[in-house]
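A.B. asks: Here are the chains, one letter per residue:
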Amino acid sequence: MSTALVIMVFIAAPAVWGQVSVTVSNHTVEVNKPFLVTVEITGKNVHEPTLPTLPGLVIDSRPRRREERFTIGGTNVTEVRMRGYAATVTRVGAIEIPPVTALIDGRLEKSASLRLTVLAGTEEPVLPIQSRKQPVERGPLTIDAAVRTEAEVKQARVFEHAPVELTLDLWIYTGIGVSDSPLYTKYPDATGFYAIPQKPKSIGSETRTRDGRNFRVTRQRQMLYPTAPGTFMIGAWEWTGIAQVRTERGRERHELSRITEPIEVTVIPLPPQPDTFTGAVGSFSFDAELTETTVVQGTPTRLVARITGMGNPDSIGAPSLPDIPDAYVAPPDTDTQQVPNRDPAQATYERSFSYAITPLLAGSLAIPPVEYCYFDPNDSEYHTERAGPFVVRVLDAPEQQPDILVSVADGSGEDILPLTERTGSLHPRRSSLVMPLIILLPPLAYTALVLYLRRRRRFDEDARFVRSYHARTRARRRLRNVLASARPMDELHHALRNFIADKFDVTAPATTSEDARLLFKSEEVDPDVAEGLLLILRKCERARYAGDAPSPDELTALVHGAAAGMDRLESVHKAGVAPASRDGRVES
Amino acid sequence: MMTCATAVLALLGATAFDQTFDAATTAYDEGDFGSAAHLLEQLIAERVEDPAVFYNTGNAYYRMDRLGAAIANYERALRLSPDFEDAKQNLAFCIGKTQGRLDRSLPPDWEQGLLFWHYGLAPRTIYRIAAVSWLAFWTVLTLRRSRPVRGLGSTAVMLGLLTVAFGVSAWAKAHPPPLAVAGRPAVAVRFSPDDGAALRFELQEGDRVAVDLRRDGWSRVTTAAGGRGWTRDNRLFFVGPPYERPNFDAATDEQGLELRQREPES
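Line by line, the protein sequences are chains L and V.
Take the position in the first sequence, starting the count at 1, then add 76; the result is the number in my numbering.
Take the position in the second sequence, starting the count at 1, then add 13; the result is the number in my numbering.
Bear in mind the hints are in silico, worked out from the structure with no lab data behind them.
Treat each hint with caution, since some may be false.
Stated by the list, open to error - Simulated coverage check for chain L against chain V, where a stretch passes if three residues somewhere in it have a Cβ under 8 Å from a Cβ of chain V:
| # | stretch |
| --- | --- |
| 1 | 423-437 |
| 2 | 503-509 |
| 3 | 516-528 |
Unchecked claim - With the C-beta cut set under 8 Å, the calculated list includes, among others, these residues of chain L facing chain V:
| # | residue |
| --- | --- |
| 4 | 270 |
| 5 | 375 |
| 6 | 492 |
| 7 | 493 |
| 8 | 497 |
| 9 | 498 |
All figures in this text were calculated on a predicted structure; none of them were measured in a lab.
Idealized CB from N, CA, C, for every residue including glycine.
Bound conformation, chain V alone (with noise of 0.2 Å):
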């Protein structure tokens, strides 16, 4: 059935990344949601960033019961498409089905601030717009500078100050703060990055820290409250960008479950 979907779909002409993207939907609807996944990741290490493979990608995870990576995968959605609803709607059930429910570390305060207005825009929408005043900032300038009309500076500067602003935003967009999500249960956050160091505390699986640091295998993760410790990559799920492949293979993860299980963490 996958193969037909395939051929029609190469009749129509669409992109073989279209093709991958229509298979992985016909994957999941026939119940096979490793497969799903498997393809929606190929698509995503193919740098085809796109809210919808997000969406889809952190389906599947939450049907082969993921919930971190389907966690993770939600937050990559809202992070192209802030106001992609079922997202949103998806992200908050499976934040309810955390243990934790933690909340996800807010951006430092300054950025907060400075950029409240940013937060429901889009990076695409954001990158335009500074893209467009920058231009039409140059544009006036050079009509000021060979044929002088009155109100082109004021325009200039206010064409800078509006290119600042989205400048600064799309910067903020293009490095958002480094999130990670708890990818399995009973995450180990120790003092320092040793296995051997003391235990600090423990996330759940779902539960969303910031990364700060990252050495070795290891990253320095806080959460919102304000507990910090280390712990190993490979526990994590990374929001990105840059988006890093999982630590499994969905395809073969049908084990993943009794893997899943709580693993002594010593």
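Okay, chain L solo, but in the shape it has when bound (with noise of 0.2 Å):
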């Protein structure tokens, strides 16, 4: 039991491990002839295989196949990736694919190699008859003459910008299947060559008997235009692609590849020029018009002139208009249309250039006739066409609005009218204060007097503002008389005990020193200048009920300090600040 365990685990061991393993289609295989080779790697983290290289061996790097397969066991997730590559062997005999290398989970891993047997090109099988609706078969039928390629041009030999017209026709043979969707194509290289479109396009395919067997052709066709004489080269065109045929041996799928052979183009440059030439190889139809006939003098009409055919339409340049006296000619408008059509060698252009041309004075303008000269690779020969010439009637321009500054007068005279008279005394404009006085004065006048009405009617309805606002010069005119009354202390007490009850609208018998720095602590006064005032208050009392007298010189230093401190108190208390109390008493 054991031993079948380990066995066992032996077994699915290997399966978790990375491996690249290698097959081939065919372990038999024709020189030059391709076969697929399948590269199957194992493991949790893959990467892209690493092909081998040896001389005479050709593997050609892009997968022809991709395969991605993922296995979850448990926890773990393997990936199993498979790469087909096709390839060829170059010479006979015996060869050995060295082994294909490949990343996985950290750790190179790689194939064995392995052994080819290469045989000289010899008949493949003969393929059975598929339809009752073949024609006589003529002999038994090569994989190689089932599917062709073919590339021609229409003309080997060209002018310079002419077109050449370039097929690509595939041949398969109805008896077998081909998918419409090659593994790999390489259109033909055409340097030296402007292609139109791009790329060879699909133009239809029909079915044609060629050696009395049936064959479905699908035909591709480019436009190629030479930029410049020479000999150039139209590159192979390689196609490879999947059969499916039914033989002796059973149904088999066989991976073909064609490539036709290099184009050689002559290109030969074009008969001498003439000067009115505008660079067009083609076959082309020219025709102008004018989009109005009759403008009013200042206004543009257009000319457009198309070129119509089968050509470059990148060589279609624009005709040169000839002189037009009395009118301006702006720059063309180009524009481009493509008649649809699904062949490219059918593809007709139609080239408009327009010309806005503008008459600068009135009555008729003739434009000559229009030339365009274009070279016809048909016959070989530069053709001119022309146009025209045109005739524009164009109107005077309108008179004026009569309503707008100037009326259109008569103006019919011989001549203008004279001189007139001025009329007074000529003075220089001069810039003038009255505007902006005119434009200052009256808001500014109108909002004094707004301020001063409002300031009236403060005056009339708040009487504690107007007390406020006259505590100070009343309290002047009371120092003034200190000095010279018979009471000063009396007389300066009152002076400044009336002030502070004026400036807090407070009854000003009741203020005492007390009240008044009681009041002025309410009132959030400045301590400094409160405490100026409350000392000469104080000393006022005690002059007047403890009869402690100043002597003159104090009393002049009181009564300038009463001042000081007054318009100190005046400057940090603003007239009309609503005292705390309500009654005329501070309250403590």
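Hey, can you piece these two chains together into the complex? The hints should help.
C.D. replies: Written out as structure tokens, the structure is:
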């Protein structure tokens, strides 16, 4: 039992390791015939394989087949990555394909090498008839003959800028199945040519008979325009597809590659060009017309010149207009249109050039004929076509509006009217202050009036404000009388007390120094200011009640101090600030 | 003869400007149109902005075959006095002499719609009405403030509206659309302010254009038909204000006729 488990483990273990395996579609191949190399990589974290190199072995590094599978076992996710590459061997004999390597789970793993036997080219197995509709068969059909590619140009020798019609045909025997989408295709390199469209365009398929057999022929076409004289090669067309055939061995899939031969094209320069040659090469027709034949002076009309035909549309240059006197001609607006056609060889282009012509004079504007010169490679000749001449009737510009600044006067006289006389004395226009004053003074005066009226109303209605407003004036007046008074300290006390009462709207006789102190405190008067005034008040009270009269000098100092204190209180306490009390008494 | 006339005028107490004007008139009558234009340009340079001065200047330039300068001065006269009939006639006459006979560019649509009524009024008239209505407005407001009387409020509102209307009109008159006149034949108008730029179209002498941008000696002009481009300032006569001096000396412009041949504008 335990032995069997070990075996199973050993058998199972390699499955989680990374591994690379290589197989081929055939171990016996023909020289230069493609076969498929399939690489399979298994692991948790796999990378693309690195293909080996060997002389005589050509492996196309672009995988023809891709496949990824993931298997989940518990917490493990294993990826199986498969890549199929087309390969060929270029020499007869035995060949050993070296191992293919790949990075798996951080380790470099490699496959086993493979041995192939390479034979010289032999006949392929005969394909059986697939349909009763086939004509009489003529001998066996090889796979080589069942699929063919052909490339041809209609013109191998052309003029510069003349079209080269490139046709690519894919012939597929109707008895086999070939996928519509080739595995690989590389269109011919057309360096030196301007191509329309950029890649050959499929223009359809049809059934044709060749050698007594029916083939489905798919045709593609591209127009090439050589840009310079010389000899150029249109490169090979490479095609690779998968064909499914039924042979004696049964149903088989064959990868087929085909390649056409390059095509040489000789480009000859154009014959000497006339001065009027516009650069257009192809078969064209030319016409021109005016959008309006009657315009107002100064209003443009448009001359539209159209060139229509087959050729390189980018070579269709603008016609040069003749000189048109008394008119301004603007540079043309260009427009290119293509008449839709599935076949690029049948594509027709129309290029138009639109000129705005503005007549400067009223009357009749004559536009000379417009010419267009192009080269037609079909007859190797330059052709010049003409349109016109044209006549434009130009009307006078309309008269001016009579109600805007100037009315249209008759102006039909033979001469201007004579000079006029001056009406009064002439003066220069000077920068005057009158207008700025007219603008500024009224609103300023109005604002001043409004402010004045507002203030007056306040004086009329707000007694508190009035009292406070006049407090300082009254106090000054009283202070002036102090020194001359018979009882100066009483006078000073009276002045100071009344000032404080007026200032804070309290009853004057009730304002003692203590009241004043409490008042100052409640009104948050600056302590320095308050202290100065309180000091003087107390002095006055002592003089009054204690008979402590100051000397004259001291009295003068007290008066000055009182004045200064009042000024300071006036400045810090604006008139009209509502005091804390309502009944004239300071609340302690 | 000019000296005698000047002396007589001085005796009569005429101002120097009046004397210059009269001297120009005398020169014109004697056929010396260059001198007449030169004297009148001196008045303009001294900021004597009178319709009669511009009109007579236009006449002098017309006689000198300076069609563009003549048209520009008639336009100036009409901007100051829109009902100046002689200026209208002469302007129309000169426009008829131009090759293009192009319209003048009109003011913007909003201005034409809003101020349709003011084009026939002289700027001075509008300034006065605006000033009077302004003063009246504040007077009524003041009266209403000091002595409220019924009806003063609505009167103030009406006066205010009147002030706004005439104020806007006054501003528009003081800032007319910049107008210029091509001062010579075949004035090249290019796509960009560069002598090497492609030619867009040409103006003929006397063609009037609106100017909306000036830069480094170039002006961007627009015709009434909408054609727009750049041209050199010295090819144009700017109507103004401001009233720019012409780029030539009228008094010595005797060879002006020869100079004003069609110049090949490259």
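A.B. asks: Taking the least C-beta to C-beta distance, is residue 492 of chain L closer than 8 Å to chain V?
C.D. replies: It holds, given that the least Cβ distance between residue 492 of chain L and chain V is near 4 Å, below 8 Å.
A.B. asks: Okay, the stretch 503-509 of chain L and chain V, do three or more residues pass the C-beta test at under 8 Å?
C.D. replies: As far as the stretch 503-509 of chain L goes, the hint holds, because 4 residues have Cβ atoms under 8 Å from chain V.
A.B. asks: Checking C-beta pairs, does the stretch 423-437 of chain L have three or more residues closer than 8 Å to chain V?
C.D. replies: holds (count 3)
A.B. asks: The hint names residue 493 of chain L as touching chain V; please verify it with the least Cβ-Cβ distance against 8 Å.
C.D. replies: 5 Å, holds
A.B. asks: Examine the stretch 516-528 of chain L: at least three residues should have C-beta closer than 8 Å to a C-beta of chain V.
C.D. replies: The restraint on the stretch 516-528 of chain L holds, since 6 of its residues have a Cβ under 8 Å from chain V and three suffice.
A.B. asks: Once the shortest beta carbon distance from residue 498 of chain L to chain V is found, is it less than 8 Å?
C.D. replies: For residue 498 of chain L, the interface hint holds, since the closest Cβ of chain V sits about 5 Å away, which is under 8 Å.
A.B. asks: Identify whether the interface hint at residue 270 of chain L stands, where standing means a beta carbon of chain V within less than 8 Å of its own.
C.D. replies: Interface hint status for residue 270 of chain L: violated (30 Å vs cutoff 8 Å).
A.B. asks: Take the shortest C-beta to C-beta distance between residue 375 of chain L and chain V; is it under 8 Å?
C.D. replies: Constraint on residue 375 of chain L satisfied, holds at 6 Å.
A.B. asks: Checking hints one by one. Is residue 497 of chain L an interface residue toward chain V, by the C-beta closer than 8 Å rule?
C.D. replies: 7 Å, holds
Against the hints set out earlier in the document, a violation occurs for number 4 only.
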